[in-house]
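Visitor: This is what each chain is made of:
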Amino acid sequence: MAKGPYSETVMDHFMNPRNMGEIEDANGVGEVGNPACGDVMKIFLKIDDNNIVEDVKFKTFGCGAAIASSSMATELMIGKSVEELLQLTNDAIVDALGGLPPAKIHCSVMAEEAIEDALRNFYKSKGKDDSIVDEMKAKITKEN
Amino acid sequence: MAKGPYSETVMDHFMNPRNMGEIEDANGVGEVGNPACGDVMKIFLKIDDNNIVEDVKFKTFGCGAAIASSSMATELMIGKSVEELLQLTNDAIVDALGGLPPAKIHCSVMAEEAIEDALRNFYKSKGKDDSIVDEMKAKITKEN
Amino acid sequence: MIYLDNVAGTKPDQRVIDKMIPYFTEHYGNPSAHFYPIGREAFEAMEAARVQVADFIGATADEIVFTSSGTESNNLAIKGFLKNSANKGKHIIISEIEHFSVDTVVTKLINDGYEITKLKVNKGGLVDPADLEKAIKDETVLVSIQYVNPEIGTIQYTEELGAICKAKGVTFHVDAVAAAGFVEIDVNKLKCDMLSIASQNFFGPKGAAALYIREGVKVSGLLDGGFQERGYRSGTENVPAIVGMGLAAEIAKAEMAEYVPKLEAMQKKLWDGLGGLFDFLHFTGHDTRRRPGHVSFWIEYIEGESLLMWLSLKGFACASGSACSSNILAEDEDDLVASPVLTAVGVPTDICAGSLGMSMSRYNTLEDIDKVLEVMPETVQKLCEMSTMYNQK
Amino acid sequence: MIYLDNVAGTKPDQRVIDKMIPYFTEHYGNPSAHFYPIGREAFEAMEAARVQVADFIGATADEIVFTSSGTESNNLAIKGFLKNSANKGKHIIISEIEHFSVDTVVTKLINDGYEITKLKVNKGGLVDPADLEKAIKDETVLVSIQYVNPEIGTIQYTEELGAICKAKGVTFHVDAVAAAGFVEIDVNKLKCDMLSIASQNFFGPKGAAALYIREGVKVSGLLDGGFQERGYRSGTENVPAIVGMGLAAEIAKAEMAEYVPKLEAMQKKLWDGLGGLFDFLHFTGHDTRRRPGHVSFWIEYIEGESLLMWLSLKGFACASGSACSSNILAEDEDDLVASPVLTAVGVPTDICAGSLGMSMSRYNTLEDIDKVLEVMPETVQKLCEMSTMYNQK
Ligand SMILES: Cc1ncc(COP(=O)(O)O)c(C=O)c1O
Ligand SMILES: Cc1ncc(COP(=O)(O)O)c(C=O)c1O
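Chains as they are written, first to last, in our numbering: chain H, 1 to 144; chain V, 1001 to 1144; chain Y, 2001 to 2393; chain L, 3001 to 3393.
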């Protein structure tokens, strides 16, 4: 059987999405949408007191690449620290998925953006200013 | 087997040309050529004292249609009077051949012209002016 | 695999394939080679096919030009016709739901100084003949409106449109690629001057298509060279495919009356079945003026590609938008084109990606429909559960 | 029937046909339908064929655009290239013995303000590279010179011509339709920017051809519409034919070294045999730079069509002039075109109609040549006897 436009890993995550659903007591929820493509992606984060991702879930309205990107993103997030989350780029998601068609790369970018949005909301939910996220990102950029 | 661009009659005359050759003691020889198409057609006439075609032969350098037209023309000529020869049009030759492709109609016209040329030479060989042919043609046109 | 994307191309009839084979193996001559049998056989078979295709649409054989695709036929009709009418006026009318091979060609003509009117369609996808009548002006040289839309299945009022063009003396081209083999075509009833059909859409092979050009209508070829197709299209002819197209046309003409009612029965069953499943499923196109065996819809909360892929994994081949709009090979997301057809019929833009088309052929059965209706609930349910949109309900 | 008109198209290889069949019967999907197997299978088979075709000519797969005929490839190369170079200069160089699909296209460009130089050829049909060098000027945007002439078999100094174009920075298109499968092709050795080949000329099916477009060379498509062929050519792809072309390319690449010497042996035998038969038979083309298995000549006193027909009746399929020039379907004698190639190589005009071509393929044998040589004397004798010209000798 012919492979189709997506890698085996993409197809696996599409058919068997990991961590699909919502977290009732999430302390960080991110949502990004791309109206042109008609995709909307939502990430629910549960971050523990040590700033480690204890649980993560997603919901996605979108194409196969969007579903697989969100599913793969959640897999890469579990157990990571907040700093590590910010280092999780769309490239890493694409790599982990075994590649995406060029026209679908933006789906992985959405996942990256959803993670950042969730983190910002995590800090906001703790009553902090989300500029902390910008500072952390600046630091990461400097280190690399 | 597919028919090809020519009718069965054309093919028959092409493969088995009638009256092919020359007449040593011809009293009228006609020749026409169409350098563009590379055809040259020659008709040898032997006309008896009653102005009846006793014998006729042809030679042709040309395509299948030219060969078949000359062969058919000779068949239609034998036993005819001089007046009848002048009434033998290229249409009659085409009809007798069961048709010719449009682009090849000119081959039958060549045959008609070769007959007329042979007749003119017949009168010339008898020391007469060939304007007699023009008079005969005018008369035929009037009658029709 | 249950094949439900027949608007993107049908499975060729086995009789058609059987007839084609000897034109690969025995009668392989060049049809321009008239003077030996294997060339002449190829030529005569091609001319016999021309008669079959002409009979299929009520034309005469010398009004048929063979091309290689529906797209080429449409390009030849429009570009080839305009080469001869440049000084007659520079206004062209199409509808806003034309296939890319009409829409793109015509839209590009703006660069050459043409004015283009794209007629609106109603919710059912229909052009109002009165709108065409109003749009025609003195400068109008060409009207090109499709017969059947591949995406939403709508059958236009083509006879009425043709009558208006005829009355106004404007040349009328009909893109009948999605109609042939499913809807009866008679160029005289339609009063069209040109009409495009493609073999692979009515059980013939890929690689053969035709443009009907009414006697007296002047069209210049797009491919220059040898003397093939009476100068309308140079290049060695695809004899086996043309022979196949001829037989496919003959078969369609003979058997449509038998298989169209079956397609309509499948269509009704699928329509009724789907309509009863979810209140958030919305049909697209027209209720009654539909290509037989064509059902199209969109589902709230669900994106089309995902549904397409799930159905494919479950063994069903369907379409999301037209075959062309799924430009998955594009180098850039900007090249992903949302279906202009769905926008035109008023489907909300942000869920345009969500449409699905199922088009049956005479190889489908009512059991196929049962199977679709069986898998739809769980599939839609699964995607809804995953969807941010469903959640927000 | 002994087939000796392989320059007008070859008998497809049985392996090629066998490989094509499943793309009619099983993998009949539209290759733009990426999301279900029978579409995707069609797509992947097409892409595999693209690699095979690329390998055949030393290119990479994304430099290959599939078209429907050699004529279409030539039209796309020239018209498609010029759409992007209009303001770079308006001078084009071809040879005076190009195929109609190059010559007609280029000649028509005079109407668009282009200046055309048609390089002379010598008696052997060769363009002198020095002439090309001299002809190129600042305004020259395109040089298009065929690799092999179908009528007289001459193989040009294409590498040298390519080197000159490259040195001068002028785009170089090679019409290699009559070369592919008989002469090795390497786009890098030839230093060409575009190159046309057609499947039916190297044991593939009709309906598939290709244009090589070197990376970086800008060409606009001629057929607008969907996203097929990366925009170079819209329209549903002829998958079975493309698959067949791919295998034909692979086979030619693998087996040419084996069958070309056999073609050369047949060629030599026919050449020597014919040369010994009549002193009024004259070979055309070049002695050594010839397409393997190609022999062409004219006979004084005899018109070509008559000879062609007699040979056909005796069971031999040959060519008189190029396949295209036998425009027997024309509506008017003025449309009968004398071969410009023969005039160009100095054959006296009034006997131009008299040329004959015999081109062998790997299906021919030395016995076939024996048989030709056996029938030639009586056939020629018969026509000579009938001929006014012979008489006048
Ligand atoms: C040199 C050359 N160029 C172009 C063509 C045209 O190719 P096609 O017949 O596939 O259109 C031919 C055909 O024989 C040819 O010999
Ligand atoms: C209405 C319509 N026009 C034109 C085309 C293009 O035809 P082809 O794919 O043969 O180029 C299609 C293709 O599906 C179509 O549905």
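If you're looking for bench data, these hints aren't it; they were derived computationally from the structure.
Glycine included, C-beta positions come from ideal geometry on N, C-alpha and C.
Watch out, some of these pointers could steer you wrong.
[What the hints assert, rightly or not] Non-contacting residues of chain V with respect to chain Y, defined by C-beta distances greater than 12 Å in every case (computed):
hint	residue
1	MET1020
2	GLN1087
3	PRO1101
4	ASP1129
5	LYS1137
[Stated by the list, open to error] Derived lysine-lysine pairs resembling DSS-like cross-links, with alpha carbons at most 30 Å apart:
hint	chain 1	residue 1	chain 2	residue 2
6	L	LYS3134	Y	LYS2083
7	L	LYS3011	Y	LYS2218
8	L	LYS3079	Y	LYS2118
9	L	LYS3382	Y	LYS2083
10	V	LYS1057	L	LYS3019
11	L	LYS3090	Y	LYS2083
12	L	LYS3090	Y	LYS2088
13	L	LYS3019	Y	LYS2090
14	H	LYS57	Y	LYS2134
15	Y	LYS2314	L	LYS3019
16	L	LYS3083	Y	LYS2118
17	Y	LYS2108	L	LYS3314
18	H	LYS80	Y	LYS2382
19	Y	LYS2108	L	LYS3088
20	L	LYS3123	L	LYS3134
21	V	LYS1046	L	LYS3314
22	L	LYS3019	Y	LYS2079
23	V	LYS1080	L	LYS3314
24	L	LYS3134	Y	LYS2108
25	L	LYS3108	Y	LYS2090
26	Y	LYS2011	L	LYS3079
27	L	LYS3218	Y	LYS2079
28	Y	LYS2108	L	LYS3382
29	H	LYS57	Y	LYS2314
30	Y	LYS2083	L	LYS3079
31	L	LYS3011	Y	LYS2090
32	Y	LYS2019	L	LYS3382
33	Y	LYS2011	L	LYS3019
34	Y	LYS2218	L	LYS3134
35	Y	LYS2108	L	LYS3123
36	Y	LYS2090	L	LYS3090
37	Y	LYS2088	L	LYS3083
38	Y	LYS2218	L	LYS3166
39	Y	LYS2019	L	LYS3011
40	L	LYS3088	Y	LYS2019
Visitor: Against this structure, judge whether each hint is valid.
Guide: Against the structure, the hints come out as follows:
1. The non-interface label for V/MET1020 is consistent with chain Y: the shortest C-beta to C-beta separation is roughly 21 Å, beyond 12 Å.
2. Taking the minimum C-beta to C-beta distance to chain Y, about 33 Å, the non-interface status of V/GLN1087 holds against the 12 Å cut.
3. For V/PRO1101, the shortest C-beta to C-beta distance to chain Y comes to about 9 Å, within the 12 Å cut-off, and the non-interface label is violated.
4. Every CB of chain Y is more than 12 Å from the CB of V/ASP1129 (nearest about 45 Å), matching its label as outside the interface.
5. Listed as a non-interface residue, V/LYS1137 keeps its Cβ farther than 12 Å from every Cβ of chain Y; the least gap is roughly 37 Å.
6. Note on L/LYS3134 and Y/LYS2083: the hinted pairing is violated, with a Cα-Cα distance of about 36 Å set against a maximum of 30 Å.
7. Note on L/LYS3011 and Y/LYS2218: the hinted pairing is violated, with a Cα-Cα distance of about 36 Å set against a maximum of 30 Å.
8. At roughly 29 Å between alpha-carbon atoms, L/LYS3079 and Y/LYS2118 fall within 30 Å of each other, so this suggested pair holds.
9. A distance of roughly 50 Å separates the Cα atoms of L/LYS3382 and Y/LYS2083; the hinted pair therefore is violated under the 30 Å criterion.
10. Proposed proximity of V/LYS1057 and L/LYS3019 is contradicted: the alpha carbons are some 58 Å apart, above 30 Å.
11. For the suggested pair L/LYS3090 and Y/LYS2083, the alpha carbons sit about 22 Å apart, so the restraint of at most 30 Å is met.
12. Our distance criterion of 30 Å between C-alpha atoms is met by L/LYS3090 and Y/LYS2088, whose separation comes to about 29 Å.
13. Under the criterion of a C-alpha separation no larger than 30 Å, the hint pairing L/LYS3019 with Y/LYS2090 is inconsistent with the structure, at around 48 Å.
14. As the CA atoms of H/LYS57 and Y/LYS2134 are separated by approximately 56 Å, the hinted pair breaks the 30 Å bound.
15. Straight-line distance between C-alpha atoms of Y/LYS2314 and L/LYS3019 comes to about 28 Å, which keeps the hinted pair within the 30 Å bound.
16. Distance restraint check for L/LYS3083 and Y/LYS2118: the Cα-Cα separation of roughly 27 Å lies within the 30 Å cut-off, and the hinted pair is therefore satisfied.
17. Straight-line distance between C-alpha atoms of Y/LYS2108 and L/LYS3314 comes to about 55 Å, which puts the hinted pair past the 30 Å bound.
18. Note on H/LYS80 and Y/LYS2382: the hinted pairing holds, with a Cα-Cα distance of about 29 Å set against a maximum of 30 Å.
19. For the suggested pair Y/LYS2108 and L/LYS3088, the alpha carbons sit about 22 Å apart, so the restraint of at most 30 Å is met.
20. For a cut-off of 30 Å, the pair hint linking L/LYS3123 to L/LYS3134 stands: about 20 Å separates their Cα positions.
21. For the suggested pair V/LYS1046 and L/LYS3314, the alpha carbons sit about 35 Å apart, so the restraint of at most 30 Å is broken.
22. Restraint check: the Cα-Cα separation between L/LYS3019 and Y/LYS2079 comes to about 36 Å, which exceeds 30 Å; the hinted pair is violated.
23. Taken as a hint, the V/LYS1080 and L/LYS3314 pair is broken in the structure, with Cα atoms around 36 Å apart against an allowance of 30 Å.
24. A hinted pair counts as satisfied when its Cα atoms are at most 30 Å apart, and L/LYS3134 with Y/LYS2108 does not qualify at roughly 39 Å.
25. Distance restraint check for L/LYS3108 and Y/LYS2090: the Cα-Cα separation of roughly 24 Å lies within the 30 Å cut-off, and the hinted pair is therefore satisfied.
26. Among the hinted pairs, Y/LYS2011 with L/LYS3079 is inconsistent with the structure: their alpha-carbon atoms are about 35 Å apart, more than 30 Å.
27. For the hint linking L/LYS3218 to Y/LYS2079, the alpha-carbon distance of about 22 Å falls within 30 Å, and the restraint holds.
28. Distance restraint check for Y/LYS2108 and L/LYS3382: the Cα-Cα separation of roughly 61 Å exceeds the 30 Å cut-off, and the hinted pair is therefore not satisfied.
29. Using a Cα cut-off of 30 Å, the hinted pair H/LYS57 and Y/LYS2314 holds, with the two alpha carbons roughly 26 Å apart.
30. The suggested pairing of Y/LYS2083 with L/LYS3079 holds, with an alpha-carbon distance near 15 Å, which does not exceed 30 Å.
31. With a C-alpha separation of about 48 Å, the suggested pair L/LYS3011 and Y/LYS2090 falls outside the 30 Å cut-off, and the hint is violated.
32. Simply put, Y/LYS2019 and L/LYS3382 have alpha-carbon atoms about 40 Å apart, too far for the 30 Å limit, and the pair is violated.
33. Of the supplied pair hints, the one linking Y/LYS2011 and L/LYS3019 holds, its CA atoms being roughly 17 Å apart against a limit of 30 Å.
34. Between Y/LYS2218 and L/LYS3134 the alpha-carbon distance is near 42 Å, which puts this suggested pair outside the 30 Å criterion.
35. A threshold of 30 Å between alpha carbons decides the hint, and for Y/LYS2108 with L/LYS3123 the separation of about 47 Å lies outside it, so the pair is violated.
36. The straight-line distance between the Cα atoms of Y/LYS2090 and L/LYS3090 is roughly 28 Å, inside the 30 Å bound, and the hint therefore holds.
37. For the given pair, Y/LYS2088 sits about 25 Å from L/LYS3083 by alpha-carbon distance, which is consistent with the 30 Å threshold.
38. A threshold of 30 Å between alpha carbons decides the hint, and for Y/LYS2218 with L/LYS3166 the separation of about 42 Å lies outside it, so the pair is violated.
39. A C-alpha spacing of about 17 Å is found between Y/LYS2019 and L/LYS3011, which places the hinted pair at or below 30 Å, so the restraint holds.
40. Among the hinted pairs, L/LYS3088 with Y/LYS2019 is inconsistent with the structure: their alpha-carbon atoms are about 50 Å apart, more than 30 Å.
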